[in-house]
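Enquirer: Listed here are the chains, written in short residue letters.
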Amino acid sequence: MKTITILSGKGGVGKSSITASLSILLAKKYKIVAVDCDVDAPNLGLLFGIKKFNNIEKVSTNYKAFANKKIDKCKNIDLVNICAFHAISLKGNIPVINKLLCEGCGACKLLCSEGIELKKVKNAEVGETKTRYGFYIVSGQLKIGESGSGNVVEVVKERARNIAKKINADFIVVDSSAGIGCPVIASIRDSDYVVAITEPTPSALSDLKRVLKVVEHFKIPYGIVINKFDINKRFAKKIENFAMKHKITIIGKLPYDKSFVEALVNLEPVVVYNKKFEKLFLDILNNVNYYLK
Amino acid sequence: MKIAITGGKGGTGKSTIATALSYKLSKTKKVLLLDLDVDCPNDDLILGVKTKKVKDVEIMIPKFDYKKCVKCGLCSKVCREHAIVFVKGNFPFVIQEQCIGCKACKIACPRNAITEAKQKIGEIFIGKKGNITLIGGKMKPGIEESSLVVNAVKKFSEQYKNYDYVIVDTAAGTHCPVISALIDCNMVFAVTEPTPLGHHDLELILKLTKKLKIKTRIILNRSNIANKKIIENLARRYKSKIIAEIPYSKEIEKCYAEGKPIEHTSINQIIEVIR
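Protein chains in written order, with the numbering used here: chain A, 510 to 802; chain B, 902 to 1176.
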């Protein structure tokens, strides 16, 4: 069983759209499980036309600090400055904890054990469902205002691995979130191959370089897909030069085409909406398969 | 007035709007633009300004005094990030990347065997273009806690006073670095596009800003690529409003690709709202 992770650094360059199409083509030949690890703003399910997930499990991966009635006993302790997350402020001279900023590290409780309690909070929901294309998708959703997206990603991936084991899957396909922080790092861990999506804009290339540093940190092999390569061919060439210089393989190039947006609006992956794109995506998969071996 | 530009979904045009708005405002006002997408900061590229590093962002990391350590393992036990490895009979040690600098270990150590060393987790940079001062953060790749860098940039920027407007550009998503960026803003502009994905993620942001109690207005980017009804309905449900629409155009796309702030009449509509 191999895990392929799709990421990009910059948001909105086509991660989920490309993940959806790659999944569908892979599923024609192999047993796969698709995973949406963008637990902040999960969209992969939507692209398969899924509006509701089944077997929803409320998960709790994080703690938060809560002040109780005895908090005034800790008036003389400098809790405001001890909190690395600026979550504690004073109201009068009584410390108050801003739940939205608290990361649950517990440092304040160590200083004020009587007045502060650490409680586990239900910070996310994880669900799964079978797509109309025959394979399972697992998806997570962080509750609004909660923290710990990295930990939630771990739970989502665990659920996907269990399903994959049960059905003896060949591939797990992971759609990561934007950025390079904790949810992305959790998405990358234990991947066998990373598909990094970019587009020919200065922002996308800058973000690509940053996320690739993280991928290299974990020593995972990767290739680049240039999406909308034809919106700025000159800059696309710049990306190709960057890749060549650093001996990075470009495993695919996708054109800008109205079909991509239309497919999105129709809640269909582009390879289903417009068959003519199948070949381009198959080429990407062939490249991935080649480097996986 | 402190205004945040956010959106939930990535690539909807947050930075494009933040820079365009700052640029337009800067013709008559002093603008402080904070790039708080510390994972992937891009405002400098779009504005075409050279930035220079002004400060490292550092957090505390435990340093063990093994002469004082009695191998009790309490430091490892209190560390919720599992950043301290302790095997019975051995001295504890720290996994740098996992440490978030909360100091719980230092507080817990009964022998005062832990002192504070520093770990660099990012940088603060600054740039200038006319009346715009750009301050932003850049997290070191491999570090997980973006919100720590966001907070550091915010704190650093406090010394920059006498600006007419502070424009805050946030990361994609809805998690900690976004919350930290939004929390003390007077108003939020949520940038979205009329696709099911834009709609889905906009709702998450509207829920978040409702929780944060910040007035939120919607900017509809690429307004002509699909039917905008879904966004209008959502806006109504959350008692918000679409205050500006920017159609998809090759020209705007070109400006963006070349690293230039866009100029479009819709930016004036946004300015009307904050005036």
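Treat the hints with care, as some may be off.
[What the hints assert, rightly or not] In silico BS3-like cross-links for lysine-lysine, where the CA-CA straight-line distance does not exceed 25 angstroms:
| hint | chain 1 | residue 1 | chain 2 | residue 2 |
| --- | --- | --- | --- | --- |
| 1 | B | 1112 | A | 600 |
| 2 | A | 746 | B | 951 |
| 3 | A | 582 | A | 629 |
| 4 | B | 1111 | A | 561 |
| 5 | B | 1129 | A | 600 |
| 6 | B | 1062 | B | 930 |
| 7 | A | 652 | A | 567 |
| 8 | A | 567 | B | 1108 |
| 9 | B | 1055 | A | 600 |
| 10 | A | 718 | B | 953 |
| 11 | B | 1129 | A | 767 |
[As the list claims (entries may be wrong)] To list a few chain A residues with every Cβ distance to chain B over 12 angstroms, as calculated:
| hint | residue |
| --- | --- |
| 12 | 517 |
| 13 | 596 |
| 14 | 702 |
| 15 | 762 |
By construction, these hints were calculated from the structure, which means they are not laboratory data. No residue lacks a Cβ here, since even glycine has one placed at the ideal position from N, Cα and C.
Enquirer: Holds or violated: are the alpha carbons of residue 746/A and residue 951/B at most 25 angstroms from each other?
Expert: The hint holds at about 23 angstroms.
Enquirer: Between residue 567/A and residue 1108/B, does the CA-CA distance stay at or below 25 angstroms?
Expert: 19 angstroms, holds
Enquirer: Is it the case that residue 702/A keeps its Cβ farther than 12 angstroms from each residue Cβ in chain B?
Expert: 19 angstroms, holds
Enquirer: May I ask you to check that residue 596/A keeps its beta-carbon over 12 angstroms from the closest beta-carbon of chain B?
Expert: 10 angstroms, violated
Enquirer: Holds or violated: residue 1062/B and residue 930/B, Cα atoms, limit 25 angstroms.
Expert: The given pair, whose Cα atoms are some 13 angstroms apart, holds under the 25 angstroms limit.
Enquirer: Between residue 1112/B and residue 600/A, is the straight-line Cα distance small enough, at 25 angstroms or below?
Expert: Within the cut-off at roughly 20 angstroms; holds.
Enquirer: Given the hint that residue 652/A pairs with residue 567/A, test it: the Cα-Cα distance must not exceed 25 angstroms.
Expert: 10 angstroms, holds
Enquirer: Quickly compare the C-alpha distance for residue 718/A and residue 953/B to 25 angstroms and report which way the hint goes.
Expert: Between residue 718/A and residue 953/B the Cα gap is close to 19 angstroms, so the pair holds against 25 angstroms.
Enquirer: Tell me if the straight-line CA distance from residue 1111/B to residue 561/A falls inside 25 angstroms.
Expert: 24 angstroms, holds
Enquirer: Below or equal to 25 angstroms on CA atoms is what counts here, so check residue 1129/B against residue 600/A.
Expert: Roughly 44 angstroms between the alpha carbons, so the hint for residue 1129/B and residue 600/A is violated.
Enquirer: Would the least Cβ to Cβ distance between residue 762/A and chain B come out above 12 angstroms?
Expert: 16 angstroms, holds
Enquirer: Has the given pair, residue 1129/B with residue 767/A, been kept, meaning a C-alpha gap of at most 25 angstroms?
Expert: Since the Cα atoms of residue 1129/B and residue 767/A sit roughly 17 angstroms apart, the hinted pair holds (cutoff 25 angstroms).
In this structure, the earlier hints numbered 5, 12, 13 are contradicted, and the remaining ones agree with it.
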